[in-house]
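Colleague: Sequence:
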Amino acid sequence: MHTANPSLPASAARPEPLPRRAFAAFERIDTRWSDNDIYGHVNNVVYYSWFDTAVNRHLIAQGVLDIHAGSVIGLVIETQCNYFAPLAFPQAIDVGLRIAHLGRSSVRYELGIFAADQALCAARGHFVHVYVDRDSRRPVPLPEPLRQALQRLQTPSDESAHKAGAER
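Here my numbering is used: the first residue of the sequence shown is 10, the next is one more, and so on.
Hints are all accurate, no fakes.
Restraint ranges, calculated between C-beta atoms of paired labels, are given here:
#, residue 1, residue 2, range
1, Arg-113, Asp-46, 35 to 41 angstroms
2, Pro-152, Ala-94, 36 to 42 angstroms
3, Ile-86, Arg-29, 23 to 29 angstroms
4, Arg-29, Val-54, 21 to 27 angstroms
5, Arg-66, Ser-114, 20 to 26 angstroms
6, Leu-111, Tyr-48, 33 to 39 angstroms
7, Gln-157, Pro-95, 36 to 42 angstroms
8, Asn-52, Ile-86, 21 to 27 angstroms
9, Gly-49, Asp-75, 36 to 42 angstroms
10, Glu-153, Asp-39, 30 to 36 angstroms
No lab work stands behind these hints, which were simulated from the structure alone. All residues carry an ideal CB built from backbone N, CA and C; glycine is no exception.
Model the full assembly from the supplied sequences, consistent with the hints where possible.
Modeller: Here's what the structure looks like:
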């Protein structure tokens, strides 16, 4: 059980690990020897790479992202991660994806990183993409095929997913 840090305001309470059912899709990634740091676990910066890899791999597989020639690209404007349990090489991980907010030109992805055999995430975080014209770098509305692919990743809120996990 994770408890809130009493020195933080109530609005900054630490999130808890989420179950797999809180996510709409998963991407499998294998850890690499170079992911480990001197302390014998995956370094914190690697998790952000996994976030980026999982989202882009998913969008490419859905046929809605052309990283080489697409006229619309997503720029990361915000990112955050909470860590609950260590991961290390060699280990397969699953990155769960869901959409928390879908705007006119932006999307907030929420991600959970799971050891392949675990029910609760070892880390969870988010990042926000603003989709822009590749050349002008000005925000543009999400292309309809992209919007539809992102809508398929929308799930219930954290609270309802966590309650559902507690009820089972």
